[in-house]
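Asker: As given, the protein sequences belong to chains A and B, one line each in that order.
Residues 26 to 326 (the working numbering) make up the first sequence, in order.
Residues 1097 to 1375 (the working numbering) make up the second sequence, in order.
None of these hints come from the bench; they were simulated from the model.
Misleading hints may appear alongside valid ones.
[As the list claims (entries may be wrong)] With a straight-line cut-off of 27 angstroms between C-alpha atoms, the simulated BS3-like cross-links for lysine-lysine are:
| # | chain 1 | residue 1 | chain 2 | residue 2 |
| --- | --- | --- | --- | --- |
| 1 | B | Lys1193 | B | Lys1112 |
| 2 | A | Lys314 | B | Lys1130 |
| 3 | A | Lys310 | B | Lys1270 |
| 4 | A | Lys305 | B | Lys1193 |
| 5 | A | Lys322 | B | Lys1130 |
| 6 | A | Lys214 | B | Lys1112 |
| 7 | B | Lys1197 | A | Lys305 |
| 8 | B | Lys1112 | A | Lys305 |
| 9 | A | Lys187 | B | Lys1130 |
| 10 | A | Lys101 | A | Lys89 |
| 11 | A | Lys241 | B | Lys1256 |
| 12 | A | Lys187 | A | Lys63 |
| 13 | A | Lys89 | A | Lys46 |
| 14 | B | Lys1371 | A | Lys209 |
| 15 | B | Lys1130 | A | Lys300 |
| 16 | B | Lys1112 | A | Lys314 |
| 17 | A | Lys314 | B | Lys1111 |
| 18 | A | Lys28 | A | Lys101 |
| 19 | B | Lys1262 | A | Lys241 |
| 20 | A | Lys241 | B | Lys1112 |
| 21 | B | Lys1197 | A | Lys310 |
| 22 | B | Lys1193 | A | Lys209 |
[As the list claims (entries may be wrong)] To give an idea of the interface, some chain B residues facing chain A are shown, with a C-beta separation under 10 angstroms as derived from the structure:
| # | residue |
| --- | --- |
| 23 | Glu1116 |
| 24 | Thr1119 |
| 25 | Ile1127 |
| 26 | Lys1130 |
| 27 | Gln1152 |
| 28 | Arg1157 |
| 29 | Ile1172 |
| 30 | Glu1190 |
| 31 | Glu1194 |
Just so it is clear, CB atoms sit at the ideal spot from N, CA and C, and this is done for glycine as well.
The primary structure of each chain is shown beneath.
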Amino acid sequence: MIKPQSLTSEELSFYRDLSFKNFVFFKEHFNGDFASYKELLKNKLKSLGLLAIDQEGGQVCRIKQDLEAPLEIVKKSQKEGKEVFIAWAEKIAKTLKSYELNLNLAPVVDLGDESASDFLKGRTYGNDPKLVTFFANIFIEIHKKWHINTTLKHFPGLGEVKVDPHLELSLKERVSSEDLYPFKELAPKVSFIMTTHILVPEWDTFPVTFSQRAIKFLREFLNYQGVIVSDDLQMGALARYSLSERIIRTLVSGHNLIIFCGKPLELVETLFELKSELEKSQVIKIRVKESLTILEKYFIL
Amino acid sequence: MIMNLTFQRIVEAIKKAYIEACTLLPREILIEFKRALQEEKSPLAKRGLEILIENQEIAQREGLPLCQDTGLPVVIVRFSSDYCLPWLEEAINEGLKEAVKEGYLRASVADPLHRINTGTNTPAVIHYELCKEPTFEIWLMPKGCGSENMSKLLMLSPAKGLRGIKSFVLEVVKEAGPNPCPPLIVGVGIGGNFERSTYLAKRALFRDLGTLNPDPFIAELEKELLEEINQLNIGPLGFGGRTTALAVHIETQPTHIASLPLAVNLQCHSARIKKIKFI
Chain A
26 MIKPQSLTSE ELSFYRDLSF KNFVFFKEHF NGDFASYKEL LKNKLKSLGL LAIDQEGGQV
86 CRIKQDLEAP LEIVKKSQKE GKEVFIAWAE KIAKTLKSYE LNLNLAPVVD LGDESASDFL
146 KGRTYGNDPK LVTFFANIFI EIHKKWHINT TLKHFPGLGE VKVDPHLELS LKERVSSEDL
206 YPFKELAPKV SFIMTTHILV PEWDTFPVTF SQRAIKFLRE FLNYQGVIVS DDLQMGALAR
266 YSLSERIIRT LVSGHNLIIF CGKPLELVET LFELKSELEK SQVIKIRVKE SLTILEKYFI
326 L
Chain B
1097 MIMNLTFQRI VEAIKKAYIE ACTLLPREIL IEFKRALQEE KSPLAKRGLE ILIENQEIAQ
1157 REGLPLCQDT GLPVVIVRFS SDYCLPWLEE AINEGLKEAV KEGYLRASVA DPLHRINTGT
1217 NTPAVIHYEL CKEPTFEIWL MPKGCGSENM SKLLMLSPAK GLRGIKSFVL EVVKEAGPNP
1277 CPPLIVGVGI GGNFERSTYL AKRALFRDLG TLNPDPFIAE LEKELLEEIN QLNIGPLGFG
1337 GRTTALAVHI ETQPTHIASL PLAVNLQCHS ARIKKIKFI
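Model the full structure from these sequences, guided by the hints.
Answerer: Shown next, in the form of structure tokens:
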């Protein structure tokens, strides 16, 4: 996470030299004058690419907004009609637009209702995959109208996962067709899918974030052509791997973008450490080329 | 539709498939390794399986081949009459050549007499299957020769019957011992004629792991043979144990009244198969 205020010129020159241009912003960034902060980034870096936040509604809102939680609004819409949901989604999309952001790291299409684990409670759209898909589709369409990209998360579905990936790596014994339904249906409509740090033993010995098999499944079985983005590599679930290991494994698995919410200088240092390996490894070269091609397709380089 | 099947598309698909087949062990095999690891009692067998699991993890992380032998590519093209592509073999071989170069795969194919390496792992062995429904699929198996060399064909006397069949399959696996890199997949072709039975055995290896022959009689024979092979105590990598084979797949075809061709084609634990479905 880049510092919300007082970026030093040294930091900015690092970002410029490493061509950092895609950023995820948090609450802290919106405490001050965001427009001039963004202007500073724009002026000091060569160009800006993706400007993303998690604006799911309810608790997870990086820009302060009085919004019902997704689960709540879905229930309300079922009673009062989908217009309620449309108005709610419109508020979110407009907010992003007003801050000139271009990517919302939402909707959450994991299956779950009130009984979902604490870390997911309220953030989901429900237990019925068709219902989740219906409302997530509206969310996506409304964002499209405002020219904001959306992200399906968290592949392959956090439904029934008990442990928060922010804390520990947890296991998902089985990925059901219900879990996959929203991803399969909505994959052609979005340009971004975010994976999560869980272990699916029937797929791989690695967590999904590091698993070529999981990415292959997403590409081949769900026929997904867009950008695959990892969740934050600083989460507790991956703590047993060093940062350099996390970066390499995520790249090699076939992810096209990596989210890193730790200290930027730690990332810069690690990237310098990795320089020779990144340059030498044939497989990383192939993956980077693939990713650049995909990103280019979406005009977000 | 045929317009989509361009030369370059097939080259790219084959290239990707060949590199991926060599570096990413099929999921079904990994699941079998993990299941076997739970069931094996002997520490050596367990260690062998752990090494195989670790090996595929390293291959995945580094993008390196699972095994130094990246095989002689065996290809089955399944197509319907609407999709006849006169340049297909050329495209397949081109894709393989590019994969060898880009994926740093070992050049493993040579002239049989002069033993001069072609340097490209081509020409592939290509078979064709004509389908009735609109189909265009390319199946690729980089077949290592540790296991291929241990495979055998026998023109059995029909009088030897089922017992003769079983004893020959067991004999082939037993004689092969650790050489074909167990745990194996055993492909058995019964019937047809001299050359057809060997194709049936190879075709059996392309079947999805864990599926049985739809004929219940043959399915039963597959189960019995697997059970008996796993009592041979060859085990993972040949260090003893219960997991000598992961599966036995049998394919059959009617044969001459005076004949009982029987082919056994062994597949090593790096069971690298890619099935590309274009249509």
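Asker: Does the interface hint hold: is B:Ile1127 within less than 10 angstroms of chain A, judged Cβ to Cβ?
Answerer: holds (6 angstroms)
Asker: Hey, does the B:Glu1190 contact hint survive, CB to chain A under 10 angstroms?
Answerer: violated (18 angstroms)
Asker: Can you confirm whether the C-alpha distance between A:Lys28 and A:Lys101 stays at or below 27 angstroms?
Answerer: Given pair A:Lys28, A:Lys101 is violated - Cα atoms ~38 angstroms apart, limit 27 angstroms.
Asker: Would you check whether B:Lys1130 satisfies its interface hint, that is, whether its CB is within less than 10 angstroms of any CB in chain A?
Answerer: holds (7 angstroms)
Asker: Can the restraint linking A:Lys314 and B:Lys1111 be considered satisfied, given a maximum Cα separation of 27 angstroms?
Answerer: Answer holds: A:Lys314 to B:Lys1111 is near 15 angstroms, not above 27 angstroms.
Asker: Check whether the Cα positions of A:Lys187 and A:Lys63 lie no farther apart than 27 angstroms.
Answerer: This hinted pair is violated, its Cα atoms lying about 38 angstroms apart.
Asker: Is B:Lys1371 within 27 angstroms of A:Lys209, Cα to Cα?
Answerer: With a Cα-Cα distance of about 21 angstroms, the restraint between B:Lys1371 and A:Lys209 holds, given a limit of 27 angstroms.
Asker: Taking 27 angstroms as the top limit, are the C-alpha atoms of B:Lys1262 and A:Lys241 close enough?
Answerer: violated (39 angstroms)
Asker: Between the alpha carbons of B:Lys1112 and A:Lys305, is the straight-line distance 27 angstroms or under?
Answerer: holds (20 angstroms)
Asker: Is the straight-line distance between the alpha-carbon of A:Lys310 and that of B:Lys1270 27 angstroms or less?
Answerer: Status violated; Cα separation ~44 angstroms.
Asker: For the pair we were handed, A:Lys241 and B:Lys1112, check the Cα-Cα distance against 27 angstroms.
Answerer: holds (12 angstroms)
Asker: Given the hinted pair A:Lys89 and A:Lys46, is their Cα-Cα distance within 27 angstroms?
Answerer: Within the cut-off at roughly 24 angstroms; holds.
Consistency note: the structure conflicts with the earlier hints numbered 2, 3, 5, 11, 12, 15, 18, 19, 22, 29, 30 and 31.
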